[in-house]
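> Sequences are here, hints too, so could you generate the full structure?
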Amino acid sequence: MTNLSHPVAIPIIAGVALATIAYAQNQSPGPSAEASSPWVAAALTSAHTNVVAPEEALEGVIEGYCLRCHNEQRMTGNLSLESFTFDGAADNGDVAEKMIRKLRAGMMPPAGSRRPAADSLDLLMVALENRMDALARENPNPGSRTFQRLNRAEYRAAVQDLLGIDVDVNAFLPLDTKSANFDNIADVQLPSATLMEGYLRAASQISRVALGDVNADPASTPYAVPRTASQKDRVPGAPFGTRGGIVVEHSFPADGRYVFQVTLHSAPEGELFGRTQLDERVEVSIDGERVAVLDIDRWMSDSDPSGMTLSTDSVDVRAGTHRVAAAFIKNWEGPEDDLITPVDHTLADTQIGLDYGVTTLPHLQRFAVVGPFRVTGVSDTGTRRRIFSCRPVTPSEARPCAQSIVERLATQAYRRPLNQTDLEGLMSFYDEGEADGGFEGGIRFALEAVLASPHFVFRAEEVPNNVRPGAVYRISDVDLASRLSFFLWGTSPDGELLGLAQRGELSKGKNMETQVKRMLQDPRAQGLSARFAAQWLRLPDLEKVDPDALSYPYYDATLAEAMRRETELLFDYIVSEDRNVFDLITADYTFVNERLARHYGIPNVTGDDFTLVHYPDDTRRGVLGHGSVLVQTSHADRTSPVLRGKWVMEVILGSPPPPPPPNVPTLDSQESVDEGRVMSVRERMEQHRANPSCNSCHRVIDPIGLALENFDPTGAYRVKDQGNPVDPVGELYDGTEIKGPADLRAAILRRPEMFLRNFTQNLMAYALGRRIEWYDMPAVREITRTAAKNDYRLSSFVLGVVESDAFRMGRMEVTADQMQQGTEGN
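Reading the sequence shown from the start, the letters are residues 1008 to 1833 in my numbering.
Simulated from the structure, these hints should not be mistaken for lab results.
Please note that a few of the clues may not be correct.
Pairs of lysine-lysine, DSS-like flavour, derived with a Cα cap of 27 Å [claimed, not checked]:
#1 LYS1105 - LYS1524
#2 LYS1551 - LYS1653
#3 LYS1105 - LYS1727
#4 LYS1551 - LYS1524
#5 LYS1796 - LYS1109
#6 LYS1185 - LYS1551
#7 LYS1727 - LYS1551
#8 LYS1515 - LYS1239
#9 LYS1653 - LYS1727
#10 LYS1185 - LYS1653
#11 LYS1796 - LYS1517
#12 LYS1105 - LYS1239
#13 LYS1109 - LYS1653
#14 LYS1653 - LYS1524
#15 LYS1796 - LYS1515
#16 LYS1109 - LYS1239
#17 LYS1239 - LYS1185
#18 LYS1551 - LYS1109
Computed spacing ranges between beta-carbons, pair by pair [unchecked claim]:
#19 THR1383 - ARG1297: 55 to 65 Å
#20 ASP1101 - ARG1757: 19 to 29 Å
#21 ARG1297 - GLY1511: 50 to 60 Å
C-beta: ideal position from N, C-alpha, C; glycine also.
Now the structure itself:
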């Protein structure tokens, strides 16, 4: 480290004007009037041009203001900068990128510490970025991964594309491990005996469902209804004139008779829940046609021999996938109380359960399909027609026909042309199945082998011959097609994409760009919202929070599902309309159905369908106003400024706070009552921050979360908390005053690069199936700079990822033995 005696003189040495210009060139504007300014566009185009500043002086800034905490003795943040130099940045890339991230966020030096003039920090930040970008150009590193396997969602989608059936594979495959927000990260997808057994069982079941099975034994397939799901209104897909219940797509393995069972909820004391309602009936329908009606005995109870379960007589059903509904017949229109949730939370105290949670409506708990009985055969189905592209008329035609079927299915499943070894292996399975089950038995056995094959389950990429360890190579067009398809659609490439790849034309000219734009307009691109956006924004965490039923009795699973759908639809709209990604933060519109609109206080929305609406004011804009975010960052009985602030820092800004120190009392362990008055969340937070061990982190996190304090644990707007006026005013770590959600959004947009780069990092990690490392950050910066030229439209980021070296190239891994041999050779 160069020792300068006057590091505070850096602004004079480098020049204030130079620092200001350098900062402007490297700050991408947010969605404001200035975003389209030709001057700004020119500045962005020339970003990372020659920013001249003495590196000795910049190292002096580090020595004068950073080493006080980040030295070998204190190791604050587990980081020491004593040995860091610009010349050695190539060997300390992870440290340099950490410094860039903190400087970009304005978080270092921390508030209250001695700080140099702001332009010195800006110069240091820009110089570090330029140095790391230059090193990346000199020595590109696209990273590597050994293989990826199809996770639950990808396996299910690939099967649906191949066979046209939707099979719930969760019964066969274990939960997918998440890393870096996503469940498709390669290095945590290690195979195991249990996992491979699951794929084998899934392949066996899927092949039987696809072709039908005249030898199927009777079995019961249950479908659960969430206990907290409201059953006041019609469920989408159910016949009109019904309420509640469930609608499922069920695959019937054979023509035969089936029995349908419905199980109703009981109250805590064992009686029928909602028994006060007379003449309740459940209608069972198949593809919209009524097949049975069950009368409900309102005096039924858990103590009865049959309990709360009713069964239909046997019903004749043809093989194939059918839409089956079990729903209550709606007897009248009008307001009804449907407060089942409080009972769910008071099962241990039947007295409260009896007195509270009044409802007039029985609820469906579970629906089951039992059968088949008296099998008569297997009818022709859409899936069978898709599989059997030919039919042998004579015995001599059987094997050639089977080979054409197997070759076509396996080519699509393997996402590449078959070689002779592939085909011979699959046909050996056909021969084995044909010996016992004839032509169809052979096809079923071969199809099962395809679905369980490593070529289907794993996405292994071919390494060209003669590639040395550590060398960089371009991946084949066929592998590129799979990368692109699983990125944008979450499933296998279609015929057009695979055809281009097989002809070696995908990577030529503008073909990749053309395919990206085509695929983003395809309905399958909804996979980006349901898979990428949902995991990045942590929407599955919504299922982990149940707001207190006594305080928020009208919150239920139906509302939670609408909240998640709102956020997915917003992202899907940004994709399909190719809008500016800042809409995620600033959108003055959203998508709601009647249930969610009523919760938000938005008028004139009716029905179950989601519709685009504009907010009446700027209170609830972008995802920071979505119930899906506000509920997942709350506790059951109160909001959590800590969780909300942490969510914004991690998910939106990509700058997570440090973990809490050990042995610090939680907020819930502290008193919530002061002099007989229930304290607001803000008052309890201020009491918690009085602990010096807590204050250093909470003064960064809490103001962000408190800005959203006008939203209660269910995401509804409020002006009081425990009878106290809500006070969302706070001061960010950089001194910015915020008075609510609008100010918080503005504060985020004042440092737009934080959001843009974090979004790009997550998009790239999802696309590559690996964590983003420090050597990927120059590509991330280049993608955001290029996207600025196209108004930050979503397609610009997707194209930037797809055109990056990390997406199009691979790097031959170096094994430990090879590294040792290289060392010995030197």
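> All the hints need checking, so say for each whether the structure fits it.
Hints versus structure:
{"no.": "1", "hint": "LYS1105 - LYS1524", "in the structure": "violated, 34 Å"}
{"no.": "2", "hint": "LYS1551 - LYS1653", "in the structure": "holds, 17 Å"}
{"no.": "3", "hint": "LYS1105 - LYS1727", "in the structure": "violated, 40 Å"}
{"no.": "4", "hint": "LYS1551 - LYS1524", "in the structure": "violated, 36 Å"}
{"no.": "5", "hint": "LYS1796 - LYS1109", "in the structure": "holds, 26 Å"}
{"no.": "6", "hint": "LYS1185 - LYS1551", "in the structure": "holds, 16 Å"}
{"no.": "7", "hint": "LYS1727 - LYS1551", "in the structure": "holds, 26 Å"}
{"no.": "8", "hint": "LYS1515 - LYS1239", "in the structure": "violated, 56 Å"}
{"no.": "9", "hint": "LYS1653 - LYS1727", "in the structure": "holds, 23 Å"}
{"no.": "10", "hint": "LYS1185 - LYS1653", "in the structure": "holds, 19 Å"}
{"no.": "11", "hint": "LYS1796 - LYS1517", "in the structure": "holds, 19 Å"}
{"no.": "12", "hint": "LYS1105 - LYS1239", "in the structure": "violated, 52 Å"}
{"no.": "13", "hint": "LYS1109 - LYS1653", "in the structure": "holds, 16 Å"}
{"no.": "14", "hint": "LYS1653 - LYS1524", "in the structure": "violated, 35 Å"}
{"no.": "15", "hint": "LYS1796 - LYS1515", "in the structure": "holds, 24 Å"}
{"no.": "16", "hint": "LYS1109 - LYS1239", "in the structure": "violated, 50 Å"}
{"no.": "17", "hint": "LYS1239 - LYS1185", "in the structure": "violated, 36 Å"}
{"no.": "18", "hint": "LYS1551 - LYS1109", "in the structure": "violated, 31 Å"}
{"no.": "19", "hint": "THR1383 - ARG1297: 55 to 65 Å", "in the structure": "violated, 22 Å"}
{"no.": "20", "hint": "ASP1101 - ARG1757: 19 to 29 Å", "in the structure": "holds, 27 Å"}
{"no.": "21", "hint": "ARG1297 - GLY1511: 50 to 60 Å", "in the structure": "holds, 56 Å"}
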